[in-house]
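Engineer: Residue strings, one per chain:
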Amino acid sequence: DTAVSQTPKYLVTQMGNDKSIKCEQNLGHDTMYWYKQDSKKFLKIMFSYNNKELIINETVPNRFSPKSPDKAHLNLHINSLELGDSAVYFCASSPRIAGGPHQETQYFGPGTRLLVL
Amino acid sequence: QKEVEQDPGPLSVPEGAIVSLNCTYSNSAFQYFMWYRQYSRKGPELLMYTYSSGNKEDGRFTAQVDKSSKYISLFIRDSQPSDSATYLCAMIKIQGAQKLVFGQGTRLTINP
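If you read the protein sequences in the order shown, they are chains A and B.
The first sequence begins at 1 in the numbering used here and counts up one residue at a time.
The second sequence begins at 1 in the numbering used here and counts up one residue at a time.
Quick caveat, the hints were computed from the structure, so don't treat them as lab data.
Since the model is a prediction, treat every value here as computed from it, not as a measurement.
Accuracy of the hints is not assured; some may be wrong.
Stated by the list, open to error - Pairs of lysine to aspartate or glutamate, EDC-like flavour, derived with a Cα cap of 20 Å: (1) 44(A) / 3(B); (2) 67(A) / 24(A); (3) 44(A) / 83(B); (4) 52(A) / 30(A); (5) 67(A) / 53(A); (6) 36(A) / 85(A); (7) 44(A) / 5(B); (8) 44(A) / 7(B); (9) 41(A) / 3(B); (10) 9(A) / 45(B); (11) 93(B) / 5(B); (12) 9(A) / 38(A); (13) 41(A) / 66(B); (14) 42(B) / 24(A); (15) 93(B) / 3(B); (16) 41(A) / 45(B); (17) 41(A) / 58(B); (18) 99(B) / 15(B); (19) 99(B) / 38(A); (20) 36(A) / 18(A).
The following block holds chain A by itself, in its conformation from the complex (with noise of 0.2 Å):
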């Protein structure tokens, strides 16, 4: 059973256009994330929810818009998609999220490969 599933795994679209990514996890944890990789591999935090309230709020382009339905689900939306939103966006959870050997335990998704042609 995969833990942290995400969908799609691939995704090219024009620029200009709107698109979503999924995320799911099936391991009753509390906190979600958002990542995106930029070719150079460099991972950098977008969104985190906790209990579907956003918590974690990085320096995005409001042009990214994530959506907590239930605590298993965390969704992205980006609208108007440009040439440098391409990179490899990655979904995680955590069991919770005050400090505690805990925290750090974050489970990643496979990715979803976004290329904006």
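Since the structure of chain A is already known, use the hints to place chain B on it.
Structural biologist: Leaving out everything else, chain B in the frame of chain A:
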């Protein structure tokens, strides 16, 4: 200047060698230190984590943290071709927004 610096490599060593991977950081508020391994076209997976300064060993892997120097290391003994991957260091503060901050990752190849 990035908060966490890591040499991206690539690093290529023969099978059986001892590998040393390192990161430096600038913010003394980081308390937990992690190493993730990422195989090609996969998501990162947690290898090891340590709290504050000290060493931690798990099989062929040893993680070392030196908070006074703001320097962390991962050692791989008896390296295997299956260890070929990108290794990312990551760290987290306890206060404030608790988010993982990653290094750029070092691409490692173990040659048979």
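Engineer: Could you run down the list of hints and mark each one as holding or not?
Structural biologist: Each hint, compared with the structure:
1. Of the pairs offered as hints, the one joining residue 44(A) and residue 3(B) holds, with about 12 Å between alpha carbons and a cut-off of 20 Å not exceeded.
2. Restraint check for residue 67(A) and residue 24(A): the C-alpha separation of about 12 Å stays at or below 20 Å, so the hint holds.
3. Under the criterion of a C-alpha separation no larger than 20 Å, the hint pairing residue 44(A) with residue 83(B) is inconsistent with the structure, at around 24 Å.
4. With a C-alpha separation of about 8 Å, the suggested pairing of residue 52(A) with residue 30(A) holds against the 20 Å cut-off.
5. Between residue 67(A) and residue 53(A), the direct Cα distance comes to roughly 9 Å. Compliance with the 20 Å bound is thereby established for this hinted pair.
6. With a C-alpha separation of about 9 Å, the suggested pair residue 36(A) and residue 85(A) falls inside the 20 Å cut-off, and the hint holds.
7. This hinted pair checks out: residue 44(A) and residue 5(B) have alpha carbons roughly 13 Å apart, not beyond 20 Å.
8. Taking the CA atoms of residue 44(A) and residue 7(B), the gap is about 17 Å. The hint holds against a cut of 20 Å.
9. The hinted pair formed by residue 41(A) and residue 3(B) meets the criterion: a straight-line CA distance of about 16 Å does not exceed 20 Å.
10. The hinted pair formed by residue 9(A) and residue 45(B) meets the criterion: a straight-line CA distance of about 18 Å does not exceed 20 Å.
11. Using a Cα cut-off of 20 Å, the hinted pair residue 93(B) and residue 5(B) holds, with the two alpha carbons roughly 16 Å apart.
12. For the hint linking residue 9(A) to residue 38(A), the alpha-carbon distance of about 16 Å falls within 20 Å, and the restraint holds.
13. Taking the CA atoms of residue 41(A) and residue 66(B), the gap is about 25 Å. The hint is violated against a cut of 20 Å.
14. Restraint check for residue 42(B) and residue 24(A): satisfied, since their Cα atoms lie roughly 16 Å apart, inside the 20 Å limit.
15. Of the pairs offered as hints, the one joining residue 93(B) and residue 3(B) holds, with about 12 Å between alpha carbons and a cut-off of 20 Å not exceeded.
16. Distance restraint check for residue 41(A) and residue 45(B): the Cα-Cα separation of roughly 14 Å lies within the 20 Å cut-off, and the hinted pair is therefore satisfied.
17. Taking the CA atoms of residue 41(A) and residue 58(B), the gap is near 26 Å; set against the 20 Å cutoff, the hint is violated.
18. Distance hint between residue 99(B) and residue 15(B) is unfulfilled; the C-alpha atoms sit about 35 Å from each other, more than 20 Å.
19. Of the pairs offered as hints, the one joining residue 99(B) and residue 38(A) holds, with about 18 Å between alpha carbons and a cut-off of 20 Å not exceeded.
20. Our distance criterion of 20 Å between C-alpha atoms is met by residue 36(A) and residue 18(A), whose separation comes to about 17 Å.
In summary, the structure is inconsistent with hints 3, 13, 17 and 18 from the numbered list given earlier, while agreeing with the others.
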